[in-house]
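Asks: Take a look at the letters that make up each chain.
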Amino acid sequence: SQTIHQWPATLVQPVGSPLSLECTVEGTSNPNLYWYRQAAGRGLQLLFYSVGIGQISSEVPQNLSASRPQDRQFILSSKKLLLSDSGFYLCAWSDAGTVQFFGPGTRLTVL
Amino acid sequence: DQQVKQNSPSLSVQEGRISILNCDYTNSMFDYFLWYKKYPAEGPTFLISISSIKDKNEDGRFTVFLNKSAKHLSLHIVPSQPGDSAVYFCAASVRNNDMRFGAGTRLTVKP
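Line by line, the protein sequences give chains A and B.
Quick note: the first sequence uses our numbering, first residue 1, plus one each step.
Quick note: the second sequence uses our numbering, first residue 1001, plus one each step.
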């Protein structure tokens, strides 16, 4: 069966510091991978998606970036965090089907 | 541009009664619709879906109805249970491409 992991589970970072969130998927090959953010009291905002290694599509221009160095690894990064980057970050995967399966999420607080 | 809208941020129902969660969309090209359930500090879990070629899909206590002419879908939970208390997101996609989520509705089922 497929599983998706995210770490860390929670993170508190000062403004201006860098960020690296990692997501890995097990039990499947060549998945579509996604990064979402849920701000407080808001819905899910798609940030990035990837259909293959090195292929990244950005939905929202901002100070975040994503990379896919391996087939089942998806990384969300920032060189300098802003206060507005606080939120709940979710990684998801899907195969050729339409259902996306989500990881447990990372709670990021920027102070 | 919010293509998927959940206009009720919250809903409270009594245990054993029916819960009806509503969702409206603007993009007539959407051909697949999903409902996700989310508990605090966890990733959303897939609940039920419906293709645009159908107008109803049922899975146990959960039924999703699709009205394409009105661009409206709804999720019915019968009977509602306290464990159903969560935030429910509706989502829509076009031909297996990236999914658009509503802002969510917080359902509270009172014992």
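One or more hints might be untrue.
Beta-carbon label-pair distances, calculated as ranges [as the list claims (entries may be wrong)]:
#1 A:ARG42 with B:ASN1067: 25 to 31 Å
#2 B:PRO1082 with A:THR3: 46 to 52 Å
#3 A:GLN2 with B:ARG1061: 21 to 27 Å
#4 B:LYS1110 with A:LYS80: 30 to 36 Å
#5 B:PRO1082 with A:LYS79: 34 to 40 Å
#6 B:PRO1111 with A:SER84: 23 to 29 Å
#7 A:PRO14 with B:HIS1072: 33 to 39 Å
#8 A:LEU83 with B:GLU1015: 30 to 36 Å
For the chain A half of the interface with chain B, some residues (derived, Cβ under 8 Å), not all of them [stated by the list, open to error]:
#9 TRP7
#10 PRO14
#11 ALA40
#12 LEU47
#13 TYR49
#14 LYS80
#15 SER84
#16 GLY87
#17 LEU111
Hint data in this document are derived by calculation from the structure and do not stem from the laboratory.
A virtual CB, placed ideally from N, CA and C, is assigned to each residue, including glycine.
Asks: For each hint, tell me whether it holds in the structure or not.
Replies: Verification of the hints:
1. A:ARG42 with B:ASN1067: 25 to 31 Å: holds (26 Å)
2. B:PRO1082 with A:THR3: 46 to 52 Å: violated (28 Å)
3. A:GLN2 with B:ARG1061: 21 to 27 Å: holds (26 Å)
4. B:LYS1110 with A:LYS80: 30 to 36 Å: Violated - the Cβ-Cβ distance for LYS1110 of chain B and LYS80 of chain A, about 45 Å, lies outside 30 to 36 Å.
5. B:PRO1082 with A:LYS79: 34 to 40 Å: The hinted range 34 to 40 Å is violated for PRO1082 of chain B and LYS79 of chain A, with Cβ atoms some 45 Å apart.
6. B:PRO1111 with A:SER84: 23 to 29 Å: violated (39 Å)
7. A:PRO14 with B:HIS1072: 33 to 39 Å: violated (45 Å)
8. A:LEU83 with B:GLU1015: 30 to 36 Å: Since LEU83 of chain A and GLU1015 of chain B have Cβ atoms about 41 Å apart, the given range 30 to 36 Å is violated.
9. TRP7: Violated, about 13 Å.
10. PRO14: violated (22 Å)
11. ALA40: Violated, about 12 Å.
12. LEU47: Because about 11 Å separates LEU47 of chain A from the closest Cβ in chain B, which is outside the 8 Å limit, the hint is violated.
13. TYR49: holds (6 Å)
14. LYS80: violated (26 Å)
15. SER84: violated (18 Å)
16. GLY87: violated (12 Å)
17. LEU111: violated (19 Å)
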